[in-house]
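Novice: Sequence:
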Amino acid sequence: MISNNKIIKICFVLTLASIVFTANNAVAGNFVLMLKSGVARVADETQNLDSEVRTFDEDSKKTLAVAWEIRNSRDVGFGMEYMTFEHDFTAPINSGYTKTQLYMFSARKYFAADKMIHPFGGIGLGWGYTKFNRVVDIDRDWNPVLQISGGLEVLFAEEFGFFIEAKALMSGTDGERENEFDFSGPALLTGVSFIF
1 MISNNKIIKI CFVLTLASIV FTANNAVAGN FVLMLKSGVA RVADETQNLD
51 SEVRTFDEDS KKTLAVAWEI RNSRDVGFGM EYMTFEHDFT APINSGYTKT
101 QLYMFSARKY FAADKMIHPF GGIGLGWGYT KFNRVVDIDR DWNPVLQISG
151 GLEVLFAEEF GFFIEAKALM SGTDGERENE FDFSGPALLT GVSFIF
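If you number the sequence shown the way the numbering used here does, the last residue is 196 and the count never jumps.
Calculated directly from the structure, the hints in this document are not laboratory data. Incorrect hints may have been included.
Stated by the list, open to error - Using 27 Å as the maximum straight-line C-alpha spacing, the simulated DSSO-like pairs for lysine-lysine come out as follows:
| # | residue 1 | residue 2 |
| --- | --- | --- |
| 1 | Lys115 | Lys61 |
| 2 | Lys115 | Lys62 |
| 3 | Lys61 | Lys131 |
| 4 | Lys131 | Lys99 |
| 5 | Lys62 | Lys99 |
Stated by the list, open to error - Derived CB-CB ranges, DEER-like:
| # | residue 1 | residue 2 | range |
| --- | --- | --- | --- |
| 6 | Phe156 | Lys109 | 35 to 45 Å |
| 7 | Pro119 | Glu158 | 27 to 37 Å |
| 8 | Trp142 | Thr46 | 42 to 52 Å |
The structure displayed is predicted, hence computed values, not measured ones. Each residue gets a CB set at the ideal place from its N, CA and C atoms; glycine is no exception.
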């Protein structure tokens, strides 16, 4: 069986290769800034952290994201994304929450269904950082993360659009180590895009 780290390395190499092969065909691209909000769900609601079973709220709170990309002449966008969300948990002794922050490189392909509506699919690779907040202290955990996304962007003008995006977030952890929170799961975000 292939490990999560090997899968992430393979996806990273494929993303870099796609950048190299499409960069030669790019003309002056558009810079796009995207602001997003929504919900991220944790797939594993019951996890053992600090030798204590903790039950997590399935849906996140305070879910926000900001991303930028440069789109080339082939309607491919390359950029970066920052995403943050929190999950509350209950436990027999200490309740609290986890705050996850994701830093990812991303690539998206846009399909021009017509001049206003653009479906897209994408991939992202990076790192996820989780603070584990309890009554007395905080544990920190960095993990590789892979995202696969798809959605629809509606352009109301050349400089402004609205989009909805579904994501699958896959963490490089299985949540079985002592202080390792597995934030893998689906996410649904909506937002606006500003095109320069």
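Novice: Look at each hint and say if it fits the structure.
Specialist: Checked hints:
Between lysine 115 and lysine 61 the CA atoms are separated by roughly 35 Å; this puts the pair beyond 27 Å, and the hint is violated. Between lysine 115 and lysine 62 the alpha-carbon distance is near 34 Å, which puts this suggested pair outside the 27 Å criterion. Straight-line distance between C-alpha atoms of lysine 61 and lysine 131 comes to about 14 Å, which keeps the hinted pair within the 27 Å bound. Using a Cα cut-off of 27 Å, the hinted pair lysine 131 and lysine 99 holds, with the two alpha carbons roughly 5 Å apart.
With a C-alpha separation of about 9 Å, the suggested pair lysine 62 and lysine 99 falls inside the 27 Å cut-off, and the hint holds. Remark: the range hint 35 to 45 Å for phenylalanine 156 to lysine 109 is contradicted by a beta-carbon distance near 22 Å. Between proline 119 and glutamate 158 the beta carbon distance is about 19 Å. The supplied range of 27 to 37 Å is therefore violated. One distance hint, 42 to 52 Å for the beta-carbon pair tryptophan 142 and threonine 46, is violated here, with the actual separation near 23 Å.
Consistency note: the structure conflicts with the earlier hints numbered 1, 2, 6, 7, 8.
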